[in-house]
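**Student:** Spelled out from the first residue to the last, the chains are:
There are 2 protein chains.
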Amino acid sequence: MSKRVKPRTPRGFGEYLPQDQILFNKMFETIRSTYERFGFTPIETPAVELTEVLLAKGGGETDKQVYSLAKEGEQLSLHFDLTVPLARYVSEHYDKLSFPFRRYQMQKVWRGERSQAGRFREFYQCDIDVIGSENLLVDAEIPSVIYNVFLALGLPDFTIKVNNRKILNGYFEYLGLSEVTKSVLTAIDKLEKQGKCAVFKDLQSLGITESTIEKVLEFTSLKGADNDILAALKDLEVQNKSFKDGVQELSDLCHYISLFGVPETNYEIDLAIARGLDYYTATVYETVLNEYPGIGSVCSGGRYDNLASFYTDKKLPGVGISIGLSRLFFKLREAEIIKPERATPSRVLIATLSSDFLPNALAIAKQLRERGINTEVSFETGKIGKQMKYANKLNIPFVFILGEEEVKSSRISAKRMASGEQVKVTFDEAIEFMDR
Amino acid sequence: MSKRVKPRTPRGFGEYLPQDQILFNKMFETIRSTYERFGFTPIETPAVELTEVLLAKGGGETDKQVYSLAKEGEQLSLHFDLTVPLARYVSEHYDKLSFPFRRYQMQKVWRGERSQAGRFREFYQCDIDVIGSENLLVDAEIPSVIYNVFLALGLPDFTIKVNNRKILNGYFEYLGLSEVTKSVLTAIDKLEKQGKCAVFKDLQSLGITESTIEKVLEFTSLKGADNDILAALKDLEVQNKSFKDGVQELSDLCHYISLFGVPETNYEIDLAIARGLDYYTATVYETVLNEYPGIGSVCSGGRYDNLASFYTDKKLPGVGISIGLSRLFFKLREAEIIKPERATPSRVLIATLSSDFLPNALAIAKQLRERGINTEVSFETGKIGKQMKYANKLNIPFVFILGEEEVKSSRISAKRMASGEQVKVTFDEAIEFMDR
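Sequences listed follow chains Y and W, in order.
So for the first sequence, the numbering used here puts the first residue at 18; every next one is plus one.
So for the second sequence, the numbering used here puts the first residue at 18; every next one is plus one.
There may be inaccurate statements among the hints.
As the list makes no split between identical chains, a pair holds if one copy fits it or if it spans any two.
Stated by the list, open to error - In silico lysine-lysine, DSSO-like type, Cα no more than 27 Å apart, as pairs: (1) 20 x 210; (2) 240 x 400; (3) 23 x 88; (4) 348 x 207; (5) 348 x 251; (6) 23 x 81; (7) 261 x 410; (8) 356 x 410.
These are computed hints drawn from the structure, not numbers from a lab.
Note that the structure is a prediction, hence the values are computed from the model and not measured.
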């Protein structure tokens, strides 16, 4: 073969070595099973949508990032999130679904944005949404799902921050900023990343007076235990319906969240949570890992009035959140909060001192697999050094060795690779040895 | 909203309703866990590859089916199988992998082919490959993995058909057909679908004499128990090295396959298995469901001399198979061999006769979830008819009802929806009731 192509992935498109893939899959599976534990039902939509369907809303920043396909015929594009496909799915299959429709969806999405460390052009989103209910209990259940997910992921030190867009909208209206509400929300959204100074300038450029800006910044700096903040909000005596509705909803929400079993240490009100670029209309959520604030929000979402107005005249209110798993994984790995263990699902490698013992090895493998133990049989029969080296390299926890003596006496030499401890035992004893 | 877009998926791109998605996910998970049981390690490559990498081999039918992306910058395309990405992955990460490299990969692939029932433009492939070993034991292990997969899928009545390309190549060489071997293989591949007449004409058009064609057709009609076929092959006394090597390999393979525990009823030699369009060089496999031959091969593959000659000078021999899961699922559903059970992962819905009992419902849900039972709490508190209707529609197997009496006496009214049987019991008794 004379002409070779350099094997490489495109910029912004990553993949993992096996040991990291196993770690990633474990996180994926933990999220999935927690979603199912709460009765969310799986759906999966095609990676590809009709471009006119995907961009029906149009005008957003995401439009420019869409990957379109070059083939002739129908104009197709890769989805850039899972919310637009959900809206299309629910509209298309409306008559065949039951409401409230509780769905989870964990798929790759694609965005042709400038690639940088931790920002990918292909990444996983793990979404849940409940469609077709205006019940505030649904808003309150979401934090309890988030709470259980992050607990199950072994990341117990997090804070779910909640707010209500009605409060922000109402307060800005009260300050006479109705006409620039959207721009103010977008500015507020940058508080965490860019700090007060930058936001101050942004707000100034909107023609807002300094004293009003001070009020906005003071207001959005309110965060903490729900009772304190709710009391402070009531003290403000803002005469605005949206504001009052929002405060009432947020008050009820916090009451319910604790009813759902989320400890007070794991959630708080934060009036700076705006989710400015999104379509939320009431409750909004963000989640931060307390020890790693630099990662930013690892799980965000909120309530919307109407999911699918571009596709159907059915009104579809709902609430949902999304975990950006690829980014979360990248950041956790980078900070060495999680580490890979081994490069294979195998718990046992069966090694043989001669090919004569292969039938015995295969019989033992069959028994192990029937007990749900992932097992690999080495076919490098006889070459014991090579077999042990292979087990070491993949970090397989146990090697079962079969030689003449073992086979004659129906025993197994079982070796715990981490400690080097080795015992010559029966099959049942070998199982016990592994569990010890 | 005045301008609406009709919500629909593009032609050839399918999706499932929740009840079918759950069924599909179950099959997916069964295949995945069986692959892991045999120590195959997961990898996942980007959906998108550099076009020059993807089409390095070039010239195939698949080239025309590739979906390229329209964005400026690097030329990108969606992968059309998982073998080319595997070759790229192994070449790129060669120094970081351990060999033999046993990997599984279960991802969507995309092909812009003419769409028809059961043929999709987006579909799942579930592949395993072992790279870096010329050991025939590896060839023999593959059928035992297939055997365990189809058993676990609840489809025990299947036949794994094996052959060896060296036998076909050698026999055609012996008949003086060396120069048209590839075309003959392609023709042979159509035997199952188009019958002998069509293949006869194909071979005639290659300029092959009638008597030789008769020999080819007679030869490739040999199939059945390994000993009979192997004896028949030896009787032919074909003086050709490739032929003899192939017969010896096939003979050893069959011996090993039975050693790996695959019953004789589940595999056979079939000399018509050619896998003509592929890059196989020795062992080839196809798998048919005996009761549904019309589905065609549900799991195919084989051994190749060198996986990645387009990317690396490292020689990478290997063997692998692929299950076309989307097509298999479609066919099994169409034939009603599999049927969906329910439209939610929830085993229990907790219904309440008043919102006062919601705290009790949440406490019970927590306990159920801690025991690994997927549980949904209805927030339609009080509206018992609505709650039961919802459970019925989703086919949730159990409803736990909490009214005043239940809460006062720390009991649950547990209803088995299929039979209508209802008991008023403690939490532990309710768990027992469910397991009964």
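**Student:** Which earlier hints turn out false for this structure, listed by number in ascending order?
**Tutor:** 1, 2, 5 and 7
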